[in-house]
Amino acid sequence: MSVDEAVEAKPRRRRAGARFGVILTAVIALLFGVPWATLVWSGNAWPAPVFLAGTVLFLLVAAGFPVLMFRGHGRRDDAAARVADTALGVIWVLFVWSILGQLLGLVLALAGVADPVRSRVVTVAVLVVSLILLVHGYVEAMRVSRVRRVEVTIPRLGRGLDGLRVVLITDTHYGPIDRARWSRGVTEVINSLDADIVAHTGDIADGEVEQRREMAAPLGDVRAGLARVYVTGNHEYMSGAQGWVEHMSALGWEALHNRHLVVSRGGDSLVVAGVDDRTAAGSGVPGHHMDHEAALAGADPELPVLLLAHQPQQISGAVAHGIDLQLSGHTHGGQMWPFHYLVRIDQPALQGLTRHSERTQLYTSRGTGFWGPPFRIFAPSEITLLTLRSAG
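Per the working numbering: the sequence shown ends with 392, consecutive numbering throughout.
What the hints contain is simulated information worked out from the structure, not anything from laboratory work. Built from N, CA and C at the ideal position, the CB exists for glycine as well. One or more hints might be untrue.
[Unchecked claim] Now the in silico label distances, taken between C-beta atoms and shown as ranges:
#1 Pro301 x Thr387: 22 to 30 Å
#2 Leu52 x Glu246: 49 to 57 Å
#3 Thr387 x Arg120: 48 to 56 Å
#4 Asn191 x Glu246: 37 to 45 Å
#5 Thr387 x Arg181: 23 to 31 Å
Generate the whole structure from the sequences, applying the supplied hints.
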């Protein structure tokens with residue numbers, strides 16, 4: 001970089017930083033401001049001490065939230081991350097239901113109910129619904145995932161492989177909350193399914209291997225008749241991707257880092273391939289990038305292909321390369337309603353089995369763990385058992 005370019009780069013970085021600061025401030029003001037207006041201000045006519053206490057509480061949490069989020073996820077302070085993530089989940093639910101509460105207030109106003117009764121009814125409704133959803137969401141997030149059973153017909157699959165059992169886990173997100181016991185429970189469920197192939201499609205952890213080693217350890221006990229395979233997700237590229245690739249290999253899994261293997265049964269074969277996450281190329285991790293051609297190099301083009309790719313958005317590459325079935329995660333099914341509407345802006349599928357060409361199908365898991373806020377609201381986690389069927 002020349003001196004002139006370096007001089008020019010500094011103002012650009014400052015402008016980008018200022019723009020980010022403005023956006024962050026606006027988002028936090030909206031997230032916290034709407035619930036404050038609904039629960040504290042509005043037409044509630046609370047006594048002055050109640051109004052003051054509520055306002056101070058919202059201001060303190062809003063001011064501390066970005067600090068805790070930066071400490072938690074920027075500096076790997078698990079205690080700060082737990083508080084920040086929980087606060088994010090709580091304020092999201094309050095934000096959503098405060099907006100819906102305003103609609104209730106409109107209905108009550110049309111029915112002739114005046115303030116402060118109207119606003120206090122809305123406040124109580126928002127708080128009760130939010131509390132119920134947060135308790136339910138926490139239980140859903142922390143329990144061992146239920147098994148979701150899906151049959152997928154692959155016309156090119158040989159009869160010898162008819163009934164092949166593929167167990168998919170994804171987005172385990174071992175993170176600030178210690179879930180070693182949960183991880184052992186997931187492994188027990190997987191081993192009860194008598195899988196031929198077990199696949200993990202990335203976002204294994206938020207943190208380096210040394211931080212999350214105990215939680216990931218039960219993956220070494222996973223059993224599969226033919227193969228255990230793994231690909232990176234976008235969160236690995238914030239958590240030491242190469243370290244996780246090497247660690248999964250040490251646990252006995254095949255890390256499909258833009259490569260494939262072939263499994264056979266009953267005289268028929270299936271190519272099982274994997275590609276790095278689509279964010280890998282920009283991560284700066286040497287040798288990591290999404291490469292379908294490398295993943296399929298040397299594979300018999302007549303054989304059906306099962307592809308592991310973390311994000312549903314990677315389906316365009318699967319279609320271009322004639323993949324039969326892609327397995328993905330990433331979306332969490334939205335994790336916390338109604339966040340799934342935002343997910344669908346970025347991804348071609350939210351969850352379940354979808355078709356994207358005459359040959360190519362995509363199965364998107366809602367995820368086995370959770371990211372960030374320890375809540376799952378109207379988006380239950382899953383361990384997926386896919387039974388592959390031949391056309392015959």
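Hint by hint, here is what the structure shows:
1. Pro301 x Thr387: 22 to 30 Å: Given range 22 to 30 Å: holds, Cβ gap about 25 Å.
2. Leu52 x Glu246: 49 to 57 Å: holds (55 Å)
3. Thr387 x Arg120: 48 to 56 Å: Between Thr387 and Arg120, where Cβ atoms are some 54 Å apart, the hint holds.
4. Asn191 x Glu246: 37 to 45 Å: violated (24 Å)
5. Thr387 x Arg181: 23 to 31 Å: holds (29 Å)
Violated hints amount to a single one, hint 4; each of the other numbered hints is respected by the structure.
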